[in-house]
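Chemist: The residues making up each chain are set out below.
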Amino acid sequence: QVQLVQSGAEVKKPGASVKVSCKASGYTFTTYAIAWVRQAPGQGLEWLGSISVYNGHTKFAQKLQGRLSMTTDTSASTAYMELRSLRSDDTAVYYCAREAGSLTYPRFDNWGQGTLVTVSS
Amino acid sequence: DIQMTQSPSSLSASVGDRVTITCRASQSLTTYLNWYQQQPGKAPKLLIYAASSLQTGVPSRFSGSGSGTDFSLTITSLQPEDFATYFCQQSITTPLTFGGGTKVEI
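For the record, the sequence lines run as chains A and B.
My numbering puts the first residue of the first sequence at 46, with every later residue one more than the last.
My numbering puts the first residue of the second sequence at -4, with every later residue one more than the last.
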């Protein structure tokens, strides 16, 4: 079965960087894009960006462009999200999700378990 | 950016009830609209995509309808495991955006 397993919780100081991993299994990694979505405590869902595992093409939410990097390692079936210059309002649970139907009706059909990133001095 | 507005933000219902949640977009999505369910402390789960297509494995009591700017998610005969928060999401253009959520409570 499809599984996305994320790295563990992180605590960072303002101005630092965080890198979250997302290891995929149960499907051919290169045939789906990976999206990153976050959820601040008690809040809704915010799409951060998506990366095509096949060709590395990326799309970003404009508010994070410049601070966000998304990469993949196809040999390890793992996607990575790095957020730099962290602020307190970056405190959130970060999810990776498999993006199905990229050429038809895009949707997030499988999700990782989430990684809590806490930014605090 | 496309704004997604859900209503109500919360509702109280009983097991066996029929529940309808609505989602309005600030511009036409045709049918590029998805619905997710989120249990407390869990990742979201895809229920409906392309406005009305049921995701594999999702019970048939869930259904979606609508096109353009107005959409709805209906749960017929609410079950105990359906008490959760529901989000709509547009996928016609980036940035992909979500509605604010509807919490279905007992």
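Just so you know, these hints were derived from the structure itself, not from any lab.
Treat the hints loosely; a few may be bogus.
Claimed, not checked - Facing chain B, a subset of chain A residues (Cβ under 10 Å, in silico):
| # | residue |
| --- | --- |
| 1 | G53 |
| 2 | V56 |
| 3 | P151 |
| 4 | G159 |
| 5 | T163 |
Here a beta-carbon is modelled for each residue, glycine too, at the ideal position from N, C-alpha and C.
Chemist: A separate judgement is required for each hint: does it hold in the structure or not?
Modeler: Right, here's what the structure says about each hint:
{"no.": "1", "hint": "G53", "result": "violated, 15 Å"}
{"no.": "2", "hint": "V56", "result": "violated, 19 Å"}
{"no.": "3", "hint": "P151", "result": "holds, 4 Å"}
{"no.": "4", "hint": "G159", "result": "holds, 6 Å"}
{"no.": "5", "hint": "T163", "result": "violated, 16 Å"}
Hint compliance for this structure: hints 1, 2 and 5 are not met, and every other hint is.
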